[in-house]
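Take these sequences, add in the hints, and give me the full structure.
First to last, the sequence lines map onto chains F and R.
The numbers in this note's numbering rise by one with no breaks, and the one at position 174 of the first sequence is 174.
The numbers in this note's numbering rise by one with no breaks, and the one at position 65 of the second sequence is 1065.
I should point out that these hints are in silico values taken from the structure, not numbers from a laboratory.
Where hints are given, some of them may not hold.
If you anchor each label on the Cβ, the simulated ranges turn out as follows [claimed, not checked]:
#: 1; chain 1: R; residue 1: Arg1020; chain 2: F; residue 2: Gly81; range: 39 to 45 Å
#: 2; chain 1: F; residue 1: Thr5; chain 2: R; residue 2: Phe1165; range: 50 to 56 Å
#: 3; chain 1: F; residue 1: Glu150; chain 2: R; residue 2: Pro1105; range: 45 to 51 Å
Partner residues aside, some chain F positions facing chain R, computed with beta carbon under 7 Å [stated by the list, open to error]:
#: 4; residue: Val21
#: 5; residue: Gly22
#: 6; residue: Ser24
#: 7; residue: Thr26
#: 8; residue: Thr52
#: 9; residue: Val54
#: 10; residue: Ala61
#: 11; residue: Thr89
#: 12; residue: Pro131
#: 13; residue: Tyr135
#: 14; residue: Phe157
Using N, Cα and C, we set each Cβ at its ideal position, and we do this for glycine too.
This is what each chain is made of:
Number of protein chains: 2
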Amino acid sequence: MLRRTEVEHARRRAAEMLQRVGLSLTPEERVRIEVADFGLGELERTGLQLLTYVNTDRYCAKELVLFPDQTCPEHRHPPVGADPGKMETFRCRWGTVRLYVEGPPTPPSTARPPAGSERYYTVFHELVLSPGEQYTIPPNTLHWFQGGAEGAVVSEFSSTSRDEFDVFTDPRIARTPLVE
Amino acid sequence: MLRRTEVEHARRRAAEMLQRVGLSLTPEERVRIEVADFGLGELERTGLQLLTYVNTDRYCAKELVLFPDQTCPEHRHPPVGADPGKMETFRCRWGTVRLYVEGPPTPPSTARPPAGSERYYTVFHELVLSPGEQYTIPPNTLHWFQGGAEGAVVSEFSSTSRDEFDVFTDPRIARTPLVE
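Structure representation (structure tokens):
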């Protein structure tokens, strides 16, 4: 469990990265940046900062902030009722993000699953996105991603987001949004 | 009909505004920025520059660039088959954008419909968006928008975009994407 001060620090750091990139936030948005450690309690290694701009029953848009080498762990977005599962487009805005999806492993890969959690990372088809580059992830397919040496700011455009249904490869993970 | 040189000039100007704001484009994207004069041949007054990042059967994301006081004319996105009509969220990234939607006219309004076309502007409920501010427009409702004194860069998050079905108040308008 993250301490409140850790959450606040991560939130401030993410807000500063967004600001530096020129992505303006309202004061209200600045304090509702979501800090997710996926229940592992090692935010710097396994975690993600998110700001959801809009999430309707038709579409969703977010900014994702990754600190240097921070990893969003492997997961998929399964079908939910009539929805075939969330489809999402990642567009790198700043820094670099290493994205891993289903497909032939990419040699030589720069993939570095978080130490101690290697067994829960199973897809290694690598895409390295620099600013202006994007990639669309089909529904219900495994993926994970990692910030580069300086971290990354990534815009996510997608169908409706229903995070509570996400299926993680690591059984220890509980995708409960952290609220202070 | 716009001359090719006018289209190229507007495209370059839009690419420079996006770049200045820190929104990186690939070289391929830079040359496919859409320049729309809506068939009126007065781009500086009535027009819009767009870059579509992604448009799937589930969601769409674009950047919109408005030059100073440039107006995207009044229109709505009607139902198409099972689709209730495009729903869209405008998020101002840079400059200011004046957005007009259905509802009680806002006094005192700064609305300035393009000279000579005033009769084709009928909704005057005003929202002035500055960087970090956003507004979601329901499907099938009239709206138009206008760049502020310096123009604007606006991110659009939406359901699927089917521009060819858009219904404009001005009967002279043909929403045909301009291709060189």
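Does the CB of F/Ala61 sit less than 7 Å away from some CB of chain R? Hint holds; F/Ala61 Cβ to chain R Cβ min 4 Å, cut 7 Å.
Holds or violated: is there a CB of chain R closer than 7 Å to the CB of F/Gly22? Hint holds; F/Gly22 Cβ to chain R Cβ min 3 Å, cut 7 Å.
May I ask you to test the interface hint for F/Tyr135 with respect to chain R, counting a Cβ-Cβ separation under 7 Å as satisfied? This hint is violated: F/Tyr135 lies away from chain R, its Cβ roughly 10 Å from the closest one there, beyond 7 Å.
Hint check, F/Thr26 versus chain R [nearest Cβ-Cβ separation less than 7 Å]: holds, 5 Å
Given a cut of 7 Å on the nearest C-beta pair, is the interface hint for F/Thr52 held or broken against chain R? Constraint on F/Thr52 not satisfied, violated at 11 Å.
Hint check: 7 Å Cβ-Cβ cutoff, F/Pro131 to chain R: With a minimum Cβ separation of about 4 Å from chain R (threshold 7 Å), the hint on F/Pro131 holds.
Given F/Thr89 was flagged as interface, is its beta-carbon under 7 Å from a beta-carbon of chain R? This interface hint holds because 5 Å falls under the 7 Å limit.
When the least beta-carbon distance from F/Val21 to chain R is tested against 7 Å, hint result: Cβ of F/Val21 sits 6 Å from chain R, so the hint holds.
Beta-carbon spacing of F/Glu150 to R/Pro1105 - inside the hinted bounds 45 to 51 Å or not: holds, 48 Å
Chain R contact restraint on F/Val54 - CB to CB distance below 7 Å: holds, 5 Å
50 to 56 Å as the expected CB spacing between R/Phe1165 and F/Thr5, which holds or is violated: Because 52 Å falls inside the window, the suggested range holds.
Interface restraint verdict for F/Phe157 against chain R (beta-carbon cut-off 7 Å): holds, 4 Å
Violated hints for the displayed structure, listed by number in ascending order: 8 and 13.
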